[in-house]
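Visitor: So the chains spell out like this:
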Amino acid sequence: MNLVRAEVSRLLSRRFTHIMVLGLLAVFGVTAATTLANSTRPDAGVWAAAQKTAEERRESLVRFKLNCQEKFLVDKEAAEAAFPGGCDAAGNPADVESSRYLEDAFVFEQEIGGLTVFLAIYLSFFAFVIAASFIGAEMSSGGITNLLLWRPQRSAILGAKLTALTGCVAVFSALFTALYIGTFYLIAYTSGWTGQPGVAFWADLAALGGRAVALSTAAAASAFALATLARHTAAALGIAVGYFLIWEAGARIVFEIGGMLPYDPYFLSSYLSAFVSGDLTYWHGLDGTGDLVITRLSGGMVVAGLTAVLITAAFANFRRRDLA
Amino acid sequence: MTAVIEISGLCKTFHSLWREEKTALDGFDMYVEKGQVHGFLGPNGSGKTTTLRTLLGLLRPDEGVMRILDTPSADFGSVAHRVGAIVESPAFFTPFTGRKTLQLLATAGGLPRGRVDEVLTTVGLRDRADEPVKVYSLGMRQRLAVASALLKRPELLILDEPANGLDPSGIHAMRTLMSELAEQGVTVLLSSHLLSEIEQVCDSVTIIDRGRRVAHGPVSVVLAGHDTGEHLVRVADPEQAAQVLRTAGATVRSADGVLFVGGVSGPAAISETLGRAGLWVTELTPLTPDLESVFLDLTGTRPAADAPPQIAVPTRRRPPADNLINLDVRSEERA
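Chains A and B, in that order, are what the protein sequence lines are. Residue 274 in UniProt numbering is what sits at position 274 of the first sequence, and the numbering runs on without skipping anything. Residue 132 in UniProt numbering is what sits at position 132 of the second sequence, and the numbering runs on without skipping anything.
Be aware that a few hints might be false.
As the list claims (entries may be wrong) - Cβ-to-Cβ under 10 Å is the rule here; a few derived chain B residues that face chain A: (1) 54; (2) 107; (3) 244.
Claimed, not checked - If you want a taste of the chain B side facing chain A, the calculated C-beta under 10 Å gives, among others: (4) 9; (5) 17; (6) 58; (7) 59; (8) 101; (9) 103; (10) 110; (11) 149; (12) 153; (13) 156.
For the record, the hints were derived by calculation from the structure and aren't laboratory data. Think of the CB as a built atom: it goes at the ideal place given N, C-alpha and C, for glycine as much as any other residue.
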């Protein structure tokens, strides 16, 4: 416990941690300020316009459906080719809400999901960098050697650092997510439209926020493991940048050019996306048997599995290797 | 006497995919008795720091037996709270203050915060404790390192180059500290290049070269083992004096008008022999070896007149045991 307390103190005292948190707040500030600047509280005129647009949209959907059903009665084969998604593919007129067409108004209910996905991405990025620096600086400078002279228990030392790091990241991410969502609700409440969020909406949003916290914690743990294995902050960052440039960007292009489809399952980003945003449909089966999907569960299992493998490798390596 | 550190046949070779393997320790032995200040000497790259790192569990030995505070080094964790150590120049997180640095260690070790102030005062950093380490000079960082080693009131203190970067008053303070700790019963293993300091403060010494022990034992015994019994003699006519002394059975070599006379019973014999021949000495000094000369001779690092000395490449070698100089009185007594 003493070790964990000392490591929490070390993490929170680091200037780099302060700078990164300020950076995170700056990104948040810019996002919130931009939203606030571009949102106005809808007046009666704006509502009337939105209702009119929504009504037009509903009528359009009804016409589309009728037209589609007629085509199917006349020539089913030609209709299937023209409407591969069926007559309900364009949407249900009953689902069209006026608030979707409000001009210049930030609608919390509709936009907070996308904003929280964005939060998950940048929370994870900052957690990754802070974590890599936290252990990498000690590995390269020999600071961890000092500590081992005090407590020559390698697993306990590394475990205390990891516990302190992931604990702090998880708590901070949870608080920051609450602040983030609360701020945007306040913006919508004062200068936009909150919508009519029900219990199901809040449950979904809470789950999304929870996944954002989980992803940032996993990013921190993975960065910690990479920096431990590579013994340097820059090495961990280099591995991450190299992976995304060479594999996610480069190999994707090669797969595309070579016509090697489907390639989505070979990229970590597919699983990250599925875990945070929901099931990812990546391939319509050629034999017509249906779509292939990376589910949220399988995305989460890949994230958890990869993190566990990296952490296990880091501990196994750190327990045995010579320390300069 | 009880052994606090016992190392026997320690071997360590560093392997690398990209570089040739390097043997740092090649059957090294060391014995440090309780309550001693023990000097650990060796040229750069001779294996001093590797020995200390291996002893403290930072490196894994290939072969050998190590015991520390009567405990196998594999169980070092069980006695670590009794050992204070600094190895090379410790890296501190420079944005932290000296006090914060020690407080973190004290927290990790479950020590009271008051102990931090005590050791800061001991090493002379009390008034600079709240400045970030990055503004500290090399000597101040070294003091902080020593403070971190003292924090847990160790029974055994292992210091690797503690005087590195210290000014003369700092070196003096460090020497005094070592003596005080020894008086309190703390065993100190001191690795240093400052041979005069070692000679002044240490009870015994181990000299390492290319991963092997080349001399060990009490300082006085090590020095006595290299005492040739020669005397430096200055006279008005050195050539005639040399002839007279040789006739009297002494061995004489001369350099730059100075005679080095051996094979005599003492300075009085030289004075008497030359006086009887009407030659009056202007200087007569017994040549007592100092640790520096012993070190340079044993490690082969005495600079040649025409070329700067080069750091030796460590190579694995196992010379016969009788090539080693055994100056350990205790070992001889046992034998």
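Visitor: Does each hint fit the structure? Answer for all of them.
Guide: How the hints compare with the structure:
1. With a least beta-carbon distance of about 9 Å to chain A, the hint placing residue 54 (chain B) at the interface is held under the 10 Å criterion.
2. Interface hint status for residue 107 (chain B): upheld, as the beta-carbon distance to the closest one in chain A is roughly 4 Å, under 10 Å.
3. Using the Cβ-Cβ criterion of 10 Å, the hint placing residue 244 (chain B) at the interface with chain A is not satisfied: the shortest such distance is roughly 61 Å.
4. Interface hint at residue 9 (chain B): violated, since its Cβ lies 19 Å from the closest Cβ of chain A, which is beyond the 10 Å cut-off.
5. This hint is violated: residue 17 (chain B) has a C-beta 14 Å from the nearest C-beta of chain A, more than the 10 Å allowed.
6. The beta carbon of residue 58 (chain B) comes within 5 Å of a beta carbon in chain A, closer than 10 Å, and the hint placing it at the interface holds.
7. Given hint, residue 59 (chain B) at the interface with chain A, holds; its Cβ is 5 Å from that chain's nearest Cβ, closer than 10 Å.
8. Checking residue 101 (chain B) against chain A: minimum C-beta separation of about 9 Å stays under 10 Å; hint holds.
9. Below 10 Å, beta-carbon pairs count as interface contacts, and residue 103 (chain B) has one with chain A at about 8 Å; its hint therefore holds.
10. The restraint placing residue 110 (chain B) at the interface with chain A holds, with a minimum CB-CB distance near 5 Å, inside the 10 Å limit.
11. Look at residue 149 (chain B): its Cβ gets to within about 8 Å of chain A, closer than 10 Å, so that hint holds up.
12. Look at residue 153 (chain B): its Cβ only gets to about 13 Å from chain A, farther than 10 Å, so that hint breaks.
13. Look at residue 156 (chain B): its Cβ only gets to about 12 Å from chain A, farther than 10 Å, so that hint breaks.
Of the numbered hints stated above, those contradicted by the structure are hints 3, 4, 5, 12, 13, listed in ascending order.
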